[in-house]
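Chemist: Same order as they appear, the protein sequences are chains A and B.
Residues in the first sequence are numbered from 1 upward in steps of one, following this note's numbering.
Residues in the second sequence are numbered from 1 upward in steps of one, following this note's numbering.
The hints are simulated quantities; they were obtained by calculation from the structure and are not laboratory data.
Honestly, I wouldn't trust all of these hints.
Stated by the list, open to error - Derived pair list, reagent style DSBU-like, types lysine-lysine, alpha-carbon separation capped at 30 Å:
| no. | chain 1 | residue 1 | chain 2 | residue 2 |
| --- | --- | --- | --- | --- |
| 1 | B | LYS239 | A | LYS212 |
| 2 | A | LYS10 | B | LYS4 |
| 3 | A | LYS11 | B | LYS56 |
Said to hold, decoys possible - Partial pick of chain A residues on the chain B-facing surface, computed with a CB cut under 7 Å:
| no. | residue |
| --- | --- |
| 4 | ASN9 |
| 5 | LYS10 |
| 6 | PHE91 |
| 7 | LYS153 |
| 8 | LEU155 |
| 9 | LEU171 |
| 10 | THR179 |
| 11 | SER181 |
| 12 | ARG183 |
| 13 | PRO184 |
| 14 | THR192 |
| 15 | GLU207 |
What the hints assert, rightly or not - Far from chain B by the CB rule (all over 12 Å, computed), these chain A residues:
| no. | residue |
| --- | --- |
| 16 | ALA24 |
| 17 | THR62 |
| 18 | GLN99 |
| 19 | VAL204 |
| 20 | PHE210 |
| 21 | TYR227 |
| 22 | GLN229 |
Since we're looking at a predicted model, the values are computed, not measured.
No residue lacks a Cβ here, since even glycine has one placed at the ideal position from N, Cα and C.
Chain residues, written in single-letter form:
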Amino acid sequence: MARVILVFNKKVIKEYPFDKESMAIGRNEANDIVIDNLAVSSLHARIDKAGETYIITDLQSTNGTFVNNKQITAHKLQHKDKIVIGKHLLFFALSREEQAKVKKADIDKTMILDTSKQKELLARNADKDVKKERIGVINFIDGSGEGEIQLIKKLTKIGKADTSEIRLGGLFMPATAATISRRPNGYAITATGGRTKVKVNDQVIKESYFLKDFDTIEIGSYKFQFYIQGSEDEK
Amino acid sequence: MKIKAAGFSDTGVKRDSNEDALAVDDSIGLYIVADGMGGHLAGEVASNVAVNIIQKNVNHWVTNNSSEDNIFDFPDSALSRRGNYILSSIKLANRVIHEMSNEYEEYKGMGTTIVVLSIMPSTVIAANVGDSRIYLIRENTIETLSKEHSLVSEQLEMGLISKEEAETSPLRHMLTRNLGSSDTVNADVFEIKPMNNDRFLLCTDGLTDLVSKDEILEIVKNGDDPENLCQQLVSEAKKRGGHDNITVSLIFADEIDDKMPGLIKKFRYLFKK
Numbered sequence: 001m002a003r004v005i006l007v008f009n010k011k012v013i014k015e016y017p018f019d020k021e022s023m024a025i026g027r028n029e030a031n032d033i034v035i036d037n038l039a040v041s042s043l044h045a046r047i048d049k050a051g052e053t054y055i056i057t058d059l060q061s062t063n064g065t066f067v068n069n070k071q072i073t074a075h076k077l078q079h080k081d082k083i084v085i086g087k088h089l090l091f092f093a094l095s096r097e098e099q100a101k102v103k104k105a106d107i108d109k110t111m112i113l114d115t116s117k118q119k120e121l122l123a124r125n126a127d128k129d130v131k132k133e134r135i136g137v138i139n140f141i142d143g144s145g146e147g148e149i150q151l152i153k154k155l156t157k158i159g160k161a162d163t164s165e166i167r168l169g170g171l172f173m174p175a176t177a178a179t180i181s182r183r184p185n186g187y188a189i190t191a192t193g194g195r196t197k198v199k200v201n202d203q204v205i206k207e208s209y210f211l212k213d214f215d216t217i218e219i220g221s222y223k224f225q226f227y228i229q230g231s232e233d234e235k
Numbered sequence: 001m002k003i004k005a006a007g008f009s010d011t012g013v014k015r016d017s018n019e020d021a022l023a024v025d026d027s028i029g030l031y032i033v034a035d036g037m038g039g040h041l042a043g044e045v046a047s048n049v050a051v052n053i054i055q056k057n058v059n060h061w062v063t064n065n066s067s068e069d070n071i072f073d074f075p076d077s078a079l080s081r082r083g084n085y086i087l088s089s090i091k092l093a094n095r096v097i098h099e100m101s102n103e104y105e106e107y108k109g110m111g112t113t114i115v116v117l118s119i120m121p122s123t124v125i126a127a128n129v130g131d132s133r134i135y136l137i138r139e140n141t142i143e144t145l146s147k148e149h150s151l152v153s154e155q156l157e158m159g160l161i162s163k164e165e166a167e168t169s170p171l172r173h174m175l176t177r178n179l180g181s182s183d184t185v186n187a188d189v190f191e192i193k194p195m196n197n198d199r200f201l202l203c204t205d206g207l208t209d210l211v212s213k214d215e216i217l218e219i220v221k222n223g224d225d226p227e228n229l230c231q232q233l234v235s236e237a238k239k240r241g242g243h244d245n246i247t248v249s250l251i252f253a254d255e256i257d258d259k260m261p262g263l264i265k266k267f268r269y270l271f272k273k
């Protein structure tokens, strides 16, 4: 049986099994899938089952229905299609048996998505990257008045050297005391040796440490706090 | 800085030809692995073209210390100069493969993944497009330094499927980005500071489909000869079916701090004048 998964703000709100011939989507309580949001029309769209296929139809809604980022009036749904209504995401999924009927392709082979679909994905990826990339910030909390520094570089060097992104003074400050790098799983601080100790939350770090929100960093007599700046929902 | 590096590619057990390509260039510390795709030899062409273009151009720019204005496409201000060389060469390779595939019927639809690693004492740069991977083995840990551009990992990131579902999904080989299928491409580039005894592994999915991250860690940390370890990784994948081409490249970095203490450097500078 196919399923429709309602997602809002990256959280799954509810899963709806497709157990009838047709499912109505809208703000009105009488719908099968109720989305309580002003951007959604009272009867917004409908998904109909026609034999093996599922078709979504926009019911002349005010704000439109989008499938994989394209506005549609009617669209034949495929496994893993993403339907956007207002700010809500509806994820359409076929059951394993249904998928098996549709797909007989060689699963071991690496495939390239056909170009039109790939372009869409690329386009979506492009603006997702911009929105998704959350920037880490370190904030001087030792009263030196330097304020906030955004870690926009992939590798931020901290130390005495002129080439450092964050320059610190002090007699024993090495050219590079620490680096902070943006990695696939977050920001990591690395102590690069030298006489100056690098501490995170009062613990001396020897090598790398993945920073979490509101960790305090101490390098010599300098003290900072790290946090990830605002999520995309703020804007 | 001391570098020991090796690379090894194997057709595997089930395929007739090897569509992977690799380059090990110790002169500037540049390592590249590519996994080509597309029917009848086209995959082989795509991966080899990509590796050649990236190696040649990065070499050229490094030798001339080219400014960011003189490289292909716009530089990314978040990256170091070397990081921009790598990013730019990947974009250039993409453009060439894309144009070749439009020009010649036999190359239609070809593409390739790419992973590039560049090592300098100050910075290590890891860049990738597609589902080939870069791992960093440091002490007793293994960390992925590449981002997977596949439909499944995208869904995983969005929280639409679970990790288990991702591993068994029939769509797990569906790429959302590669070199060749679109006229522009963006690579994920990471820059980190190297530490003594860091080990880097570049590999294609022929390895990672069959040998898990933890198993890779076990193999790589228990040995000192990159050449030998590359062979071990490949034979492990072949033992388990070897359904795809397998390519691995291992780079060991050590004695990174060869810089002189700051004070002595300053004196030398004065004397030189």
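Chemist: So, for every hint listed, does it hold in this structure?
Modeler: Hint check:
no.: 1; hint: B/LYS239 to A/LYS212; result: 41 Å, violated
no.: 2; hint: A/LYS10 to B/LYS4; result: 44 Å, violated
no.: 3; hint: A/LYS11 to B/LYS56; result: 46 Å, violated
no.: 4; hint: ASN9; result: 11 Å, violated
no.: 5; hint: LYS10; result: 6 Å, holds
no.: 6; hint: PHE91; result: 6 Å, holds
no.: 7; hint: LYS153; result: 5 Å, holds
no.: 8; hint: LEU155; result: 4 Å, holds
no.: 9; hint: LEU171; result: 12 Å, violated
no.: 10; hint: THR179; result: 4 Å, holds
no.: 11; hint: SER181; result: 4 Å, holds
no.: 12; hint: ARG183; result: 6 Å, holds
no.: 13; hint: PRO184; result: 5 Å, holds
no.: 14; hint: THR192; result: 6 Å, holds
no.: 15; hint: GLU207; result: 6 Å, holds
no.: 16; hint: ALA24; result: 23 Å, holds
no.: 17; hint: THR62; result: 27 Å, holds
no.: 18; hint: GLN99; result: 7 Å, violated
no.: 19; hint: VAL204; result: 16 Å, holds
no.: 20; hint: PHE210; result: 9 Å, violated
no.: 21; hint: TYR227; result: 19 Å, holds
no.: 22; hint: GLN229; result: 15 Å, holds
Of the numbered hints given earlier, the model fails hints 1, 2, 3, 4, 9, 18 and 20; all others are met.
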